[in-house]
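Undergrad: As a plain string of letters, each chain reads:
2 protein chains.
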Amino acid sequence: MHAEKEKANVGQQPLNNGKVNNVNASKTNSSRSNNSISIPSVNTLDDNGEGDGGRENDPTFYTRSTVNTPALEDDVYESLDYDVCDNVLFREEQKRIDNALFNIRKDIIRWFIFIQIGVVTALIACLIDIPIEELSAVKYTFLKQSVDSNIAPDMNPGANLVFPYLYWMGLSIVPVILGATLVTYVEPITAGSGMPQVKSYLNGVKIPRIVRIKTLTVKAVGVVTAVVGGLVGGKEGPMAHAGAVVAAGISQGKSTTFVKDFRIFRAFRDDHEKRDFVLGGAAAGVAAAFGSPIGGMLFSLEEAASFWNQNLIWRTLVASVISSFTLNIVLSAYHGLNNFTFTGLFNLGKFEQPLSFEYFELPIFMLFGVTGGLLGAMWNSLNTRINRFRSRFIKFKLARILEAALVAVVGVTLACIMIFFINDCRPLGNDPTDYPVQLFCEDNEYNAVAALWFQTPEATVRSLFHDPPGSHKILTLTVFTVVYYLLACITFGLNVSLGIFIPTGLVGAAWGRLVAMIIFYIFPEATFLSPGKYALIGAAANLGGVLRMTISLSVILMETTGIETSFFFPLIVTLISAKWVGDYFTEGIYDIQIKMSGVPLLPWELLPKYKGRKASDIMSSPVVCIKKRDSAKYIYNVLRRCKHNGFPVVEDVEDDKRQNGRVCGIVLRSQLIVILLKSLYEEKKRFWEKEVSIQTFRDVYPRYPSIDSVRMLRDKENYTVNLDIFMNPSPVRASEADSASKIFKKFRALGLRHMIVIDRENRVVGIIARKDFLYK
Amino acid sequence: MHAEKEKANVGQQPLNNGKVNNVNASKTNSSRSNNSISIPSVNTLDDNGEGDGGRENDPTFYTRSTVNTPALEDDVYESLDYDVCDNVLFREEQKRIDNALFNIRKDIIRWFIFIQIGVVTALIACLIDIPIEELSAVKYTFLKQSVDSNIAPDMNPGANLVFPYLYWMGLSIVPVILGATLVTYVEPITAGSGMPQVKSYLNGVKIPRIVRIKTLTVKAVGVVTAVVGGLVGGKEGPMAHAGAVVAAGISQGKSTTFVKDFRIFRAFRDDHEKRDFVLGGAAAGVAAAFGSPIGGMLFSLEEAASFWNQNLIWRTLVASVISSFTLNIVLSAYHGLNNFTFTGLFNLGKFEQPLSFEYFELPIFMLFGVTGGLLGAMWNSLNTRINRFRSRFIKFKLARILEAALVAVVGVTLACIMIFFINDCRPLGNDPTDYPVQLFCEDNEYNAVAALWFQTPEATVRSLFHDPPGSHKILTLTVFTVVYYLLACITFGLNVSLGIFIPTGLVGAAWGRLVAMIIFYIFPEATFLSPGKYALIGAAANLGGVLRMTISLSVILMETTGIETSFFFPLIVTLISAKWVGDYFTEGIYDIQIKMSGVPLLPWELLPKYKGRKASDIMSSPVVCIKKRDSAKYIYNVLRRCKHNGFPVVEDVEDDKRQNGRVCGIVLRSQLIVILLKSLYEEKKRFWEKEVSIQTFRDVYPRYPSIDSVRMLRDKENYTVNLDIFMNPSPVRASEADSASKIFKKFRALGLRHMIVIDRENRVVGIIARKDFLYK
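Chains as they are written, first to last, in the numbering used here: chain A, 1 to 776; chain B, 777 to 1552.
Hints listed in this document are in silico derivations from the structure and should not be mistaken for laboratory results.
Please note that a few of the clues may not be correct.
Here are a few chain A residues that face chain B, going by a calculated C-beta distance under 8 Å [what the hints assert, rightly or not]:
1. ILE294
2. GLU302
3. LEU317
4. SER381
5. LEU382
6. THR384
7. LYS397
8. ILE551
9. THR565
10. PHE569
11. ARG733
12. ARG760
13. ASN762
Glycine is no exception: its CB is placed at the ideal position from the N, C-alpha and C atoms.
With these hints in hand, go ahead and build the complete structure from the sequences.
TA: Next comes the structure, spelled out in C-alpha cells:
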C-alpha cells in the first residue's frame, strides 16, 4: 500500500561483522542524499534507543542468506506494496463504508476512470501521431522537391545531390538534437521505449518518476522529434508508456508535477488499485498505438498480470476498445472522412485478399521462425554490447546528445549512398509510394530505393507488406536489410524516446520479402511465394526473435493487418520457432534492458539456483523488530539508522531481545514515519484519536516524507507508540523448513513484498524480501 | 495433489452436542456406502483410539463457525488439491530429477501433450460435426420431398400435411429418445451443456466422472442425436466438455474406463498439472466448436483461471490454434475442397462487407443490450423455475426420457402450426436456403417459415445474419422469436446433451433482425438498419444477457463472423449493457446451474456477508489433529469416524490434547490411507524405506481407496506412524485476527483447499476450508 521512496530489502542488513557502513538514510525523491554515514548497528541500541557500541557481546547483524548478494551499486528501485494492509484503521473504514451503495458507487467510479483512461490515452496518441505524420509529410515533400529540382538529366549527377543531402541532414539533425536534449536534460527516464519500465512497474517495482506528467510530456515530444528526425524507431512503446502515465494520473486525482490535488478518487490511492489502472492504461496505449484492442489487453496480461481477475481484465479490454475507438474518431475527423464512419485502423495496412497457405509451406514458416530467432538473438546481444559500451564510455550529457545526432547523420548518409549507387527504377502507376522520387530514373519511373527511405518506418512496413510483387530489386532489399538491421541496433539505446517494435518488424519484413523474392527467382514456378505474405511472416519471426512476446504479438499482427483467423496458424508456428530458438541464446530485449538497468524484476518461475532451498537458506537474519508498544525514540533511531522498509511487530519479548519476540504484525517504514510526523503517541491519544483514520496515511501516498523530515525533540523521546491500530496484523508467514519454491509462489501470487519466517513457536527467525529471489 | 473421493470440509465437525450422527465413512466412487452409522465423536477417543463415550466432561465437538451451514443434502463434491504437497518424499524426488535435462524433457513432453490435445479434440469435434450435418441433410431433404410431393395446389392443403408432420415427428422423436436414453441410463452427468461442469472443475471442484472416456462417448452420441432430433440446442458446450475430457485423458496416460495404464506421463499425475491440461482442453474444445482460437483461449481464462502464468496461456493458445487448424483440415478434406487450402472456419458465416456504424447508432446498441439483459434475465429465471419443477416432479428415469420426447413433439408441432398458418412466400433465386420448401407458395417461390425450421439451429443463425433484407415477414419473425424463446427455455434442462450457446444466439438474432425490420418499416429512410448487422447485435445482447460472458463472447463473435476490429466497439457497448442489466436481476445461466447442482464454486470476489469478519468467525473448531508420531490405531479410527480430508499434524502435545499442539504440517486423508494400506509403519521402516517414494502415492492418483479397504488387524494396531516424511510441512496458516477477505484472497490465489488457523504460539485453534466461503 505504501511504497514509494523506501528500500525494499526489509529488515535485513546487507552487512557483516556488526559494522554498518554506507547505509543511506531513506531518500526523498527530489533530493537524494548521497552522504554515506557510518553509524552503529541497530541491534546495539538499548531500549531507550541510544546507541551503545560498547557492548561487544550483543548479537551481531549479518546476512545469513547465502544467496543474497550485496546491494546493487545504485539501489534506487523499490518494490510496490500490492498486499493490502488491513489494520484496525482500514477495518474501521471498511465497516463505515461497507454497504451496497458505497460499493456500487466505487464500482461505477472505477468504470468511469477506465473509460476516461481509454479516451485520454487515445487523445494523447493522436497528439503524437498527427504531428509525426504532418511533419514527416512536410519533410519528405520538401526533400523530394529538392531532389527533383536539383537533378537535371544533362548535369553531373553527383554534384547536385549535395544540397538535398545537406537538407536531409539538417532536417534530421535538428529534431533529433531537440529530442535528445529534452530527454537528456529534462527527464532521462524517458529514454528508450518505455516498455521495460512499464513492465517493471506492473511487476511490482517502483521506478522513480515513471508515471509523472512531466515524463509524459517529454516522452511525447521526444518521440515526435525522434521519428520525424528519421531515427530508426517507432512510436508504439512510448504510447504504451503514455497510457500508463495517463492511468496513474487520472486514477489518483492529483498531480505532483502541478502540485495539485483534486481531492477525488481518494479511495483508489494505494499501490494495488493504482496498478490495476496502470494495467488498463498500458493496454489502452498499446491499443491506440496499433489499433488493436484485443492485442492491447493481451499485451498487458502477457507482460504484467500475475494475479488474474475477471473483472479487471474486462475493464482492461473496455479501456482498450474505447481507446482504439476514440483514436479512430479523431483520426477520421482529422483526415476529413466525410461521414466519420469507423473504418478500422489497420496500422500496418489491411491485406485485402485473405492470406492462404499450402501445407508444404509450414516447414518454410518454421525455417523463417528459426532465422528470426537467430537474427533476433544476435541483434539482442549486439545491442547489449553496444549499450554496455555506451554506458561505460559515453557519460557526459552533451556526448549523449551528439551521439544521437551522429547516428542520425550516419543513417542519412547510408541512405544517400544507397540511393546514389543502387539503380532501382520502377514504373510509376500502380505504385503505392507517397513521395515518388524520380532521381536518376527515366520519366514515368520512380526510384524504389528512395521510396523505402523517404517515409516513416511504419509506412515502409506497410509498403513491404503490400507493394505488388516486383516492386524492388533483390540488391535493394539486401542492402536495405543489412543497413536497417545495424542502424536499429545502434539506435536503440540512444538517449531519445523511441520504440523498438516498428524497426524490428521492418527488418523482418525486409528480409522476409527478400527471401521470398530470392526463392522465387530460383524457382519461378513457386507461385505461392507472395512477397507480402512472406514479409509478414518475416516480420513475425523477427519480432518474435527480438521481443519474445507471443500471445499479444500474434494478435497485434492479426489486428493490424486484418488477416483472418485462418492465417493464425502460420503465425503461431513462426512465433514458436522464433521464440524457442531465440530463448536458447538470449533473453528478450525488454528483459535484457530491465536487467541492465538493475531493476529487480520478479521472474515468472523460480530461478533454478533456488530450487531445493529452504526458507532458512534464503532469509536474512537477525531481523530488526519493533515491539507492539515501543518507544518513539527507538523507532526514530531504527528508521534513521537502517533503510529497511518493513519491520515485524513483536510481542512477548523476553529480556528486551526484540528479535526473539512472537510475531503479531508488520509495520512499514512509511507508516512509522507518518506516526512520528503526526505525533500519534499513546500518551496523546485523546488529542488525535478521533481525527486519525486510514485517510491520514493515504493522504501522503505515494510520496512519503523521509525520516529526515521528522525532527525528534527531546520531550517527544519518551513517548510510546502503540502500533496496535497501525500495524498490519496479518503478515504472511513461513516456517524455516518451507521450500523456496513454495515461498516464491506466494510472493508471485499474492504480490508480496516481504514474508516473515517464524519458528514453531511463532518467533521471528528471519525475513525474506522480494529481492531475495532476484539476483543471480 | 490427492483429492478424489474425499470430503473437503476438513477437520471440522458439522455437528453439535458431541454427538456424531450420520457421518458417512468416505465413499468409493463405484460403491457409495449409504449406511449411516452412529459412532462416538472422535475427540472422545483416547490415545489408543478407543471410543469412550462415558467421559461426559470431555470437550465437545461443535462448529463454532457462525456462517457454516450444515452439509448439503448430497455432499458429493470435493475440492481438488492445487497446492503442491512438498513433503520430504517430494523433495527427494525433486533433488533426484532436478536437472536441466529433466526439465527440458518434461517441458517438451508437456508441449507434446498440448499439441495432442488440440489434434484429438479437433478430431472428436469432427466426429460430432459431420454426423450432425449429414444426418440433418438426410432428414430435411426427406421432409422437403415429403412436403412437396404431398402438396398439390388443387387439393385441400390441411389434410396433406398430416404425413409430413408425422414423418417429421418420427424423425425427431426417435433420435431424441435414443439420446435421452443414453444420457439417462448410461451417464447422467452428460446431461446439459457441460460448460458448468468444466467451469466447476477448473475452479477446483471435483465433479465425479466428469473427465471419463465413457462420459465423452455418451456426450458425443448424445449431442448428435439431440441436434439431429431437432431439439433447440447447439453442439458448442458439449465440445468444450469433450476437449476437457480429452485433455484429462491424454495427460494422465491412463484410462479408468478401459482399466489401462500406459505408464507414460506419470510426472503429470496431480491435480495441479491435470488442471492446466484441462484448461487447454476446454480451450481447444471451444476453439474447435467455433473455429475461434483466441476466443477459445479467452474462454478458458475468463471462466476458469485464477492463477495466471504466461507459459500456460501460451500453451493454451497453441492448443486452441492447433485444434481449429486440424478441424479445418479435416473438414476441408471431407467437403472435398480440392487444394485443402485453409480457408477459415466462420461458423456463423462471414460478413463479406465490413460492418460499419454511425455514431447515433450507439444508443440503439445500448438499448439492444438492455433488452438483451432483460430478456436474458427473464429467460434465466424462467428456466430455473422450470428446472426446479423438473427436479421436484420428474424423478423417474423413464419420465425424463418421455419428457424429452414430448418437448421434441411440441417443437415439431409448433413449427408445423407456424408453417401452416403463416403465409410468408419469397421468390426463389438469390436465396441462401438449403432446403427451399414450396408448400403453399407459388412456383418459383419458397416458404420462408419452413426455411427457418428446416435446418439446424446453427444454420438458422447464419441465415438470420446473412439473408438479404426482406427475407422474412415481420409476423414470421415475431412468432418465431417467441416460440424459440420458450422452446429453448423448456429444452435446457432436459436429460439430453445440448449446449445453450446457439439457441440463445438464435433467439437474439431473431429479435435483433425483427426490431431492425420494424424500425425500418416505420422509418423507411433509416437505411443504416441492415438486418444482418442488427441480428448480430441482437445475438450478442441475448448471449450477454443469458451467459454473462464478456471477453470471450465478444472475441468468439468476432472470429466466427469475420467482423473487423472496428466493429468491436458496438459489440462491447452492447455486451456491457446486457451484462449490467442482467446482473442486476439474476446470475448467468452457468452459475445458476452450478448453484442448483450444489457445486461449491469459489466466487471471484468474497461474498458480501463475509466482509468484516475475522478468521475466528469463519473457522471451525476444535480440529481433529494427528500427532507427528501417532499410533496406527488412532489414525485408523479417525479416518473411519470422521470424513474430513485434511488433518493438521501437531507436535508439543500436552496431556495428549492433540487439539492444542503446535502446527508442524498437514496431512491428507488420501495419504493416511495409503500409509495404512502399505503398512508404512515406523517399526517396519527397514522393509519399506528404500521402496517408498512420492511415486507410491502418485500411483493411486486420482482414485484413492476408501478407508473401508483398509483392514486393521489387531497386531498392527500398536504400530506407530511417523508422518515426518509424508506430511506437507508448509501448510498455509492464518492467525485468528486475520480478516476473511485476506484469507479468501489467499484461497483464491493459491488454489488452497484448507488453511490452519493458529494462535500466537502457533497452536491450532481452528481450520478454514474452501467450502466455508461458499454457502450463502
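Undergrad: Could you run down the list of hints and mark each one as holding or not?
TA: Verification of the hints:
no.	hint	verdict
1	ILE294	holds (6 Å)
2	GLU302	holds (6 Å)
3	LEU317	holds (6 Å)
4	SER381	violated (21 Å)
5	LEU382	violated (26 Å)
6	THR384	violated (22 Å)
7	LYS397	violated (38 Å)
8	ILE551	holds (6 Å)
9	THR565	holds (5 Å)
10	PHE569	holds (4 Å)
11	ARG733	holds (6 Å)
12	ARG760	holds (5 Å)
13	ASN762	holds (4 Å)
In summary, the structure is inconsistent with hints 4, 5, 6 and 7 from the numbered list given earlier, while agreeing with the others.
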